[in-house]
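Engineer: The lines below spell out each chain.
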Amino acid sequence: MSEEQAPLVQPAQPRPQSARPGLRERLMAHPLLWPALALVLLLLGNALFNPGFLALQWRDGHLYGNLVDIANRAAPLALVSLGMTLVIAVRGLDISVGAVLAISATVAAWTIARMQAGGSGGLAPLFGAIAAALAVAALCGLWNGVLVVRVGMQPIIATLILMVAGRGVAQLIGDGQILTIYYAPYAFLGNGFLFGLPFSLFVLAAVFVGLKLLLDRTALGLFVRAIGHNPAAAHVAGIRARAIALSLYVFCSFSAGLAGLLVSSNVASADANNAGQLLELDAILAVALGGSALSGGRFSLGGSLLGALIIQTLTTTIYAIGVPPQVNLVVKALLVTAVLLLQSPQFRAKARTLFSRREARA
Amino acid sequence: MSIAMRAPGAGNLLRRLREPGLLSLAVTLALFVAMSAAGGILYEGFLSPQVFLNLLIDNAFLLIVAVGMTFVILTGGIDLSVGAVVAFTTVLLASLVEKHGWHPLAAIPLVLLIGTGFGALMGVLIERYRLQPFVVTLAGMFLARGAATLVSVDSIGINHAFHVAVASTRVPLGGGASLSVAALVALAVVAAGVVLAGSTRFGRTVYAIGGSAQSAELMGLPVDATLIKVYALSGFCSALAGVVYTFYMLSGYSLHGMGLELDAIAAVVIGGTLLAGGSGYVLGSLFGVLVLGLIQTLIVFDGTLSSWWTRIAIGVLLLAFCLLQRLLARGGQASGGGHG
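From first to last, the protein sequence lines are chains A and B.
Mind the numbering: the first sequence is residues 1 to 362 in the working numbering, read in order.
Mind the numbering: the second sequence is residues 1 to 340 in the working numbering, read in order.
If we strip away everything but chain A, and leave its shape as in the complex, we get (with noise of 0.2 Å):
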């Protein structure tokens, strides 16, 4: 995963092999260390007040285990957290993906609720669903890349017309009820197991390698962190910076149609109000946990994924440890605050004066 330190720097300082930096120094200047570090800090702390915590049972053909639940349970928000790092990257942001999510399920439940009633038995009504609910959540992508690209809107306002409104059309479609799936097939999504493990894990998998090939094996990767870090250079260079841009925006509001249906699954129900609630926050929270640059260009997925994993980590020991789970957004508000200052140049030059002045005394 060393392709994620950002390119554009790298070519410019060819190393001599003499002089390539060892081991440790690479893993230290990892951008995945601290990430990772922080999640395996959580689980071994877990692991300490619950010795069982990190234990795997195989039943009934199945992996069950507190690590399996987490991963799981962190699929949607891993998912969406994947999206949102793509739009960041290129200076943009998605505050719709709840909404998006919303709308996704409810479509999906009122599909399978039509097409059951219109006669259709078999798989039919699953695929269906999937399709219609992905193709909505594709569409609505485009919308909020349009507003984007072609009009001009700052990111974070047009896509707060959809995070508006979306819930209203979510509830419209669902003529303001929750919608209960009376269909089995259905729970498979985000409830199954395949191979023993549970099928979300698959499906995030899937997602999450498509997106590595397609953006280490071909230039995509590199024209993403070039919008991100210099659009009008971008531009200038030939990059078609709005198509890539749009195309993600479709991309980001996709994966909340994912997760959408992974949820809607889970819980076998459309929850037009409350479903997806906050995910905004916890995706880009997931993003900057991560260590991609909340301002664009310097960008990881595999970062994310951990976020996302952190994320869920903290709210399975919350509950875990018995502490009221209201804690859970006061811990995230200081984590997001940490990891933010931790960016800030301003800050950092900062902490150096002090521990040189420090230094300096002693």
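No lab work stands behind these hints, which were simulated from the structure alone.
Just so you know, even glycine gets a beta-carbon here, dropped at the ideal spot from N, CA and C.
Treat each hint with caution, since some may be false.
[To be verified] Computed list of chain A residues with no C-beta within reach of chain B, every gap over 12 Å:
| # | residue |
| --- | --- |
| 1 | Arg24 |
| 2 | Ala38 |
| 3 | Leu43 |
| 4 | Leu48 |
| 5 | Ala71 |
| 6 | Met115 |
| 7 | Leu134 |
| 8 | Trp143 |
| 9 | Ile157 |
| 10 | Phe195 |
| 11 | Ala206 |
| 12 | Ala288 |
| 13 | Gln343 |
| 14 | Ser344 |
[What the hints assert, rightly or not] Listed next, the stretches of chain B that the computed footprint assigns to chain A, with coverage defined by at least 3 CB atoms under 8 Å from CB atoms of chain A:
| # | segment |
| --- | --- |
| 15 | 100 to 106 |
| 16 | 148 to 155 |
| 17 | 258 to 270 |
| 18 | 316 to 325 |
Got chain A; can you put chain B on it based on the hints?
Structural biologist: The following block gives chain B in isolation, referenced to the frame of chain A:
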């Protein structure tokens, strides 16, 4: 626009309307009048004074928050923490009054101070460490909401005699119409906001920062101090809105004011303030809030429309006004080039 260019003497009003902010404000006013007229034609009893005064009574807290938000957006920033600060204030106030035996008049200054301090803290993070306003205030939102639930998870009813008395006081305006104390406070905040933005050094610096922070700094304006003050002001307004909210609901609850930040931003945008900063009016936000309130009133009067149409209507209005702003911005650039 071209008329005004060809006939420079066509009048001060036409020329002034070319300013994007004023034109946007005029559109908001026209929309408000048109919606009121439509309501008057469609529904019986819509055009009574009390219906419009109720707009102020029911949206007093939103109005106060929107005034603070206007200043933040004028500098080119954003404050997502306002709804959470409102919730925290209601819970803390209710807890102090009901569980710790404080008199409301003693508790109110304290919660206002906390709200202001909280805003100032976010301002320091934004200004000193050059962090993005939306992330810092997002963290602030989590923090305030979480702190509110730490004070009390459950809703706390306020039964203190003083609180109940103020809440039920109505100031008669003649003809059977009346306003609540909260609505008067909100109107006072609007008036103070108009003065602060229009005729003080602080206000001018706010507009200058929104136009270009770098130019403002080069002009020797106190950019850093003003930025912190703007977020402190927004924190103060949120806390005051929280106090007003306790008079409206007579309770403190950590889930009060959910999504209030979105309504406030929508009101400011519909009121004609440019999201990029530098242009807009506090008075515009008053009409933005009134338009939002009118949508809700129309839906209530209709009776057959479901509540979710409110959200969709606000979304459509937001879109329309953002598109209008883009058009005006482009037109402004084009004509600016012509003048140069």
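Engineer: Checking the smallest CB distance to chain B, is A/Ile157 really beyond 12 Å?
Structural biologist: violated, 5 Å
Engineer: Any Cβ of chain B at or closer than 12 Å to A/Gln343, or is the non-interface label fine?
Structural biologist: violated, 8 Å
Engineer: For A/Arg24, is the shortest beta carbon distance to chain B beyond 12 Å?
Structural biologist: holds, 30 Å
Engineer: Beyond 12 Å from every chain B Cβ: check whether that's true for A/Ser344.
Structural biologist: violated, 4 Å
Engineer: Would you assess whether A/Leu134, listed as outside the interface, keeps its beta-carbon beyond 12 Å of every beta-carbon in chain B?
Structural biologist: holds, 22 Å
Engineer: Report holds if the minimum CB distance from A/Leu43 to chain B is greater than 12 Å, and violated otherwise.
Structural biologist: Its Cβ never comes within 12 Å of chain B, the nearest being 23 Å, so this holds.
Engineer: Per the stated criterion, does the least C-beta distance between A/Met115 and chain B lie above 12 Å, as a non-interface residue requires?
Structural biologist: holds, 24 Å
Engineer: Quick one: see if chain A covers the segment 258 to 270 of chain B, three-plus residues with Cβ-Cβ under 8 Å.
Structural biologist: Held - the segment 258 to 270 of chain B has 4 residues with a Cβ nearer than 8 Å to chain A, which meets the minimum of three.
Engineer: Non-interface claim for A/Ala288: all C-beta distances to chain B beyond 12 Å?
Structural biologist: Given a closest Cβ separation of 7 Å, the condition is violated.
Engineer: Is it the case that A/Ala71 keeps its Cβ farther than 12 Å from each residue Cβ in chain B?
Structural biologist: holds, 24 Å
Engineer: Could you let me know if the closest chain B CB is still more than 12 Å away from the CB of A/Trp143?
Structural biologist: Nearest chain B Cβ is 10 Å from A/Trp143, so the label is violated.
Engineer: Check, residue by residue, whether the segment 148 to 155 of chain B contains three or more positions whose beta-carbon lies closer than 8 Å to a beta-carbon of chain A, and give the verdict.
Structural biologist: With 3 residues close enough to chain A, the hint holds.
In the structure shown, a violation is registered for the earlier hints numbered 8, 9, 12, 13, 14 and 15, in ascending order.
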